[in-house]
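Visitor: Here's the letter readout for the chains.
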Amino acid sequence: MSDMGLLRSARLALLAGGLAAGLLAAGAAKAQEVIKIGAPLALTGGLADEGKKQDIVWKMWVEKVNAAGGLQVGDKKMKVELIEYDYQSEGQRASQLAEKLINDDKVQFLFAPFGSGHTKIVAGVGERYQIPTIACVASSESVFDQTFKHLFGTLSPNGGMTTAMVKLFKEKYPETKTIAVLGRDDVFPKSMAEGIAKAAEAQGLTVAYKELYPVGTMDHAAALSSIKATKPDWIYITGYTQDLILARKQMQDLGVTAPIVTMVTGPSYKEFTEGLGKLANGITSSSWWHHATSYTGEGVWPTTAAFYEEFKAKTGGDPDYVHGSCAAAGEVIADALERTGSLDKAKLRDAIAATDIQTFYGPIKFGPNGMNLPRELPIIQVQDETIKVLAPAAIKNADMIAMPK
Amino acid sequence: MAIYLQTLVNGLMLGALYACLAVGFSLVWGVLNVINMLHGSFIILGGYLTYFAWHAYGIHPVIMLPVVAALMFALGFALQRGLINKVVSAPVLTTLTLTFGLDMILYNAMTYFFTATPRRITLDLGAISLGPITLPVDRLLGTGLALLLTLLLYAVMRGSSIGRAIVAVRMDRMAAELMGIRTDRIYAITFGIGALMAGAAGVVFATIFPITTNVTGIWLGKAFVVCVVGGLGSVPGALVGGLVLGLVESFAGHWFGPQQAMTAGFLLMLVLLLTRPTGLVGVKGYE
Amino acid sequence: MKPLPLYASLVVGLAILAAAPLYGDNYVVRTAAIVAMYGALATSWNFIGGFTGYPSFSTAAFFGLGAYVGALCQRSGVPMVVAWAIASVAVAAFAALLGGILLRLRGHYFAIGSIAVVELCRLIVSSWSSLTGGGDGLNLPLVQGTPEDLMRFFLMVMLVILAASLLVTILVDRSRLGFGLRCIHQNEDAAAMVGVNTTAYKVAAYTLSAVFCAAAGATYASWTGYIDPTDSFQIVLTVKVVVMALLGGAGTILGPAIGAAAFVLLEEVFWANFIDWNRAILGLVIVVLIFFLPGGLLSLRRRLMPGGAA
Chain A
9 MSDMGLLRSA
19 RLALLAGGLA
29 AGLLAAGAAK
39 AQEVIKIGAP
49 LALTGGLADE
59 GKKQDIVWKM
69 WVEKVNAAGG
79 LQVGDKKMKV
89 ELIEYDYQSE
99 GQRASQLAEK
109 LINDDKVQFL
119 FAPFGSGHTK
129 IVAGVGERYQ
139 IPTIACVASS
149 ESVFDQTFKH
159 LFGTLSPNGG
169 MTTAMVKLFK
179 EKYPETKTIA
189 VLGRDDVFPK
199 SMAEGIAKAA
209 EAQGLTVAYK
219 ELYPVGTMDH
229 AAALSSIKAT
239 KPDWIYITGY
249 TQDLILARKQ
259 MQDLGVTAPI
269 VTMVTGPSYK
279 EFTEGLGKLA
289 NGITSSSWWH
299 HATSYTGEGV
309 WPTTAAFYEE
319 FKAKTGGDPD
329 YVHGSCAAAG
339 EVIADALERT
349 GSLDKAKLRD
359 AIAATDIQTF
369 YGPIKFGPNG
379 MNLPRELPII
389 QVQDETIKVL
399 APAAIKNADM
409 IAMPK
Chain B
469 MAIYLQTLVN
479 GLMLGALYAC
489 LAVGFSLVWG
499 VLNVINMLHG
509 SFIILGGYLT
519 YFAWHAYGIH
529 PVIMLPVVAA
539 LMFALGFALQ
549 RGLINKVVSA
559 PVLTTLTLTF
569 GLDMILYNAM
579 TYFFTATPRR
589 ITLDLGAISL
599 GPITLPVDRL
609 LGTGLALLLT
619 LLLYAVMRGS
629 SIGRAIVAVR
639 MDRMAAELMG
649 IRTDRIYAIT
659 FGIGALMAGA
669 AGVVFATIFP
679 ITTNVTGIWL
689 GKAFVVCVVG
699 GLGSVPGALV
709 GGLVLGLVES
719 FAGHWFGPQQ
729 AMTAGFLLML
739 VLLLTRPTGL
749 VGVKGYE
Chain C
49 MKPLPLYASL
59 VVGLAILAAA
69 PLYGDNYVVR
79 TAAIVAMYGA
89 LATSWNFIGG
99 FTGYPSFSTA
109 AFFGLGAYVG
119 ALCQRSGVPM
129 VVAWAIASVA
139 VAAFAALLGG
149 ILLRLRGHYF
159 AIGSIAVVEL
169 CRLIVSSWSS
179 LTGGGDGLNL
189 PLVQGTPEDL
199 MRFFLMVMLV
209 ILAASLLVTI
219 LVDRSRLGFG
229 LRCIHQNEDA
239 AAMVGVNTTA
249 YKVAAYTLSA
259 VFCAAAGATY
269 ASWTGYIDPT
279 DSFQIVLTVK
289 VVVMALLGGA
299 GTILGPAIGA
309 AAFVLLEEVF
319 WANFIDWNRA
329 ILGLVIVVLI
339 FFLPGGLLSL
349 RRRLMPGGAA
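Chains as they are written, first to last, in this note's numbering: chain A, 9 to 413; chain B, 469 to 755; chain C, 49 to 358.
Incorrect hints may have been included.
Non-contacting residues of chain A with respect to chain C, defined by C-beta distances greater than 12 Å in every case (computed) [what the hints assert, rightly or not]: (1) K44; (2) E107; (3) K108; (4) G125; (5) G132; (6) V151; (7) P197; (8) K198; (9) K206; (10) A207; (11) G305; (12) D326; (13) E346; (14) Q366.
Computed footprint of chain A on chain C; a stretch qualifies when at least three of its residues, placed anywhere within it, have a C-beta under 8 Å from a C-beta of chain A [unchecked claim]: (15) 91 to 101; (16) 226 to 239.
DEER-style ranges, computed between Cβ atoms [stated by the list, open to error]: (17) C:G193 - A:G349: 54 to 60 Å; (18) C:A144 - B:T743: 39 to 45 Å; (19) B:R626 - C:D237: 31 to 37 Å; (20) A:S350 - C:L219: 54 to 60 Å; (21) A:Q80 - C:P189: 19 to 25 Å; (22) C:R154 - B:L646: 26 to 32 Å.
Hints are computed from structural coordinates only; laboratory data are not their basis. From the three backbone atoms N, C-alpha and C, an ideal C-beta is built for every residue, glycine too.
Kindly generate the complete structure, drawing on both the sequences and the hints.
Guide: Structure, rendered in structure tokens:
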């Protein structure tokens with residue numbers, strides 16, 4: 009008996025300790041004087057860089073909102089509290105933390121993390137608890153076709169990116185006949201690879217090569233050699249920054265080139281141009297937002313320039329679309345609170361669905377699936393190691409050039 | 469035809485890099501009977517040291533090679549001396565779990581200090597064309613360096629007294645002890661050499677692949693495959709294993725598409741595990 | 049361990065978990081469900097890793113395959129619980145076949161082979177996109193009901209899986225199979241010589257180590273409603289489960305489950321308090337464990353009570 013007693017008490021103490029901590033946390037979070045937004049973030053692990061971008065702009069936004077007294081809810085102003093947890097780039101952890109945010113921290117809104125896959129996971133939890141989830145870095149329509157009623161995305165559908173790009177490039181380089189596509193087998197990069205092949209075929213191009221490479225590929229020599237053999241006019245590669253840096257480097261090594269080389273969404277990130285240096289020149293891409301745009305609207309940053317200046321002052325670098333889209337996600341919440349004037353869950357959800365605002369990031373208006381409506385998205389190109397905008401015409405600041413030899 | 473030649477050359481160059489990456493892992497496994505889960509992080513650590521020396525002070529990677537090698541040897545020697553030696557004769561699970569725990573610490577520290585941003589040394593030395601074949605200069609240099617390092621290790625193992633002691637311990641630990649060899653010391657030196665080779669591979673890799681903590685697991689996986697394919701604990705084993713894996717990935721990627729390239733490598737490993745556990749050129753008694 | 053205290057602590061442990069909805073909010077209930085899930089995974093691993101002494105790293109393969117088989121069944125209209133059953137049986141059959149081939153290997157080679165299985169499963173599932181959706185992953189029909197009800201439901205299911213795995217562990221421990229497995233652990237060749245059918249026994253242990261993992265995986269898939277290859281076949285999951293079993297005490301009946309509970313609770317504490325360094329701290333715990341508690345938590349009894357029955 010004696011040793012069993014000890015064992016049992018140790019076991020009890022262990023469980024009870026953990027559970028007591030949970031109870032305390034639950035007790036502490038009862039009075040609701042602030043607006044709480046929960047964000048499971050990848051601050052460590054493979055997606056850490058992306059997670060940190062979200063972290064920076066959300067903190068900027070919250071700071072600015074609170075400095076102005078808070079958000080307008082009915083006749084009073086309420087401060088905003090942002091609660092973040094690191095999910096270490098692990099999906100299972102992300103859903104667990106989303107649940108913790110809702111149950112323990114009693115958040116009224118969720119910000120979804122980077123990437124379509126993890127957005128799906130977090131949105132699933134939000135849906136179950138009927139907590140509105142704003143996704144600022146998920147653009148695959150497959151994420152938004154699950155009939156979730158509480159998921160809203162500030163990026164426009166990536167379907168729009170491909171058709172416009174084919175059109176522009178054909179206009180610029182009418183002799184473009186064939187395209188080679190190499191895509192990463194992951195939600196977003198895969199849908200872009202498939203989208204471009206479809207759009208290219210629809211506009212009369214021949215798809216000379218189309219393959220996916222699995223997550224974890226560290227050598228593209230075989231695929232690139234096969235692409236080289238097809239002598240395409242246009243090479244289109246999708247993947248994460250590290251994949252694209254490697255692919256571009258190996259293209260150079262193996263002498264694989266084409267008049268047009270597109271890497272999605274490589275040049276949207278400054279890590280890409282920094283990592284490649286001169287090799288980045290000439291590479292085109294799509295993006296959802298660029299700081300060269302000049303939108304005006306409501307919220308803490310009245311113009312794109314205002315956001316750009318403040319971001320630059322704070323971090324010393326240029327914001328990319330992740331920064332822009334995520335900072336704008338806060339405005340969706342601010343606007344919905346102002347219009348409903350209460351914290352009622354169902355009313356807030358309906359108010360968000362009816363969002364129709366102008367922001368520094370551009371217009372935000374959700375379609376029936378919860379995604380921001382399609383708009384003309386920037387097509388960008390690296391020229392002299394800086395990002396130039398080729399289209400749409402309103403923000404165009406350079407003409408397209410062919411890939412340097 | 470040209471495409472096959474190119475695929476062959478791609479595979480051989482990749483294979484030499486794989487061999488260089490795996491030889492230290494194989495040595496530690498063969499001699500100490502320890503699966504070193506730290507190996508992938510050692511490679512990336514070597515890569516980071518090279519990158520920061522180049523980025524901050526403009527030191528050329530070739531100059532960094534001996535520096536990184538010495539540092540990594542010291543790190544490996546100290547780890548083995550201080551920690552791993554204490555459980556070196558414990559079952560597989562114990563040593564594997566221990567090195568896994570150590571890897572979590574090293575990985576966390578690297579992500580914390582260096583972030584996960586992929587880094588790259590932009591030497592970009594261009595390419596040489598031989599008829600229809602293109603040879604990237606830095607890959608060629610990397611291949612040469614990898615082969616040189618691997619052969620150097622082979623020479624040390626064969627020619628020096630330390631090397632002969634290591635081989636003796638691998639063959640028969642008891643007998644080696646009776647002959648007056650201090651196995652603890654030999655173990656620490658071997659682990660140090662393992663870390664040194666990982667670090668050296670990291671220097672070579674830094675000029676060719678993006679350096680980021682995201683890929684530590686991928687390189688570790690390659691080391692596993694190479695060891696099983698070639699056979700454990702010997703330099704020629706790692707060399708053969710690396711070249712075979714490089715060729716298999718290259719040709720599978722060409723014929724079946726990049727999606728199947730990695731699958732082919734793992735399948736090859738599984739088949740060899742079951743049919744020829746000593747590997748293609750393995751030593752009997754290590755299965 | 050004598051039967052009575054064993055059963056008593058088992059029942060108390062399960063009761064503490066089952067009662068989570070009474071004393072905790074949804075997050076506590078969720079943590080209890082995760083404890084139960086990892087408890088089941090670690091207890092499963094114990095059959096092959098603890099009793100038999102084969103360093104298996106296949107857990108994530110069984111878990112992920114279970115999730116995928118369950119998800120595919122549910123998507124083609126099979127009721128949820130039936131889908132879980134199909135997943136368990138199918139993966140058990142797969143494990144039996146695989147075991148017949150893989151268990152010829154020993155020591156490090158078996159360890160490598162079993163890790164390779166995880167990676168191969170991930171690659172195959174990810175490239176067979178016509179069936180599995182590839183890198184897009186699969187959506188499952190969301191289970192209807194309030195979050196509280198759902199959470200309780202999944203806690204109960206995970207507890208049933210855990211209880212079943214523990215029950216089978218006790219049965220195996222008392223049976224000829226358990227004896228044979230321990231013989232193989234001690235000395236496989238000797239075991240074969242005294243008439244233990246080592247191959248059949250090892251395959252049985254390997255299959256047992258798969259069936260509950262598959263059930264947990266299928267349940268987990270229904271619970272989250274979305275699965276993808278990268279998250280379903282994680283090497284980290286495999287190693288974590290082994291560490292849990294070692295933490296509690298490999299080869300004992302309750303050790304792995306206790307180790308899982310301790311590990312999950314520790315993880316919670318570190319995650320909540322040390323954002324930047326939680327992985328390193330966990331690594332440190334593993335290292336300390338290896339040096340100071342090589343027999344697992346259960347060995348504490350012996351240490352603290354010299355003379356107490358071991």
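Visitor: Which hints from the list above does the structure break, by number from lowest to highest?
Guide: Hint check: 2, 3, 4, 5, 6, 7, 8, 15, 16, 17, 18 and 21 fail, others pass.
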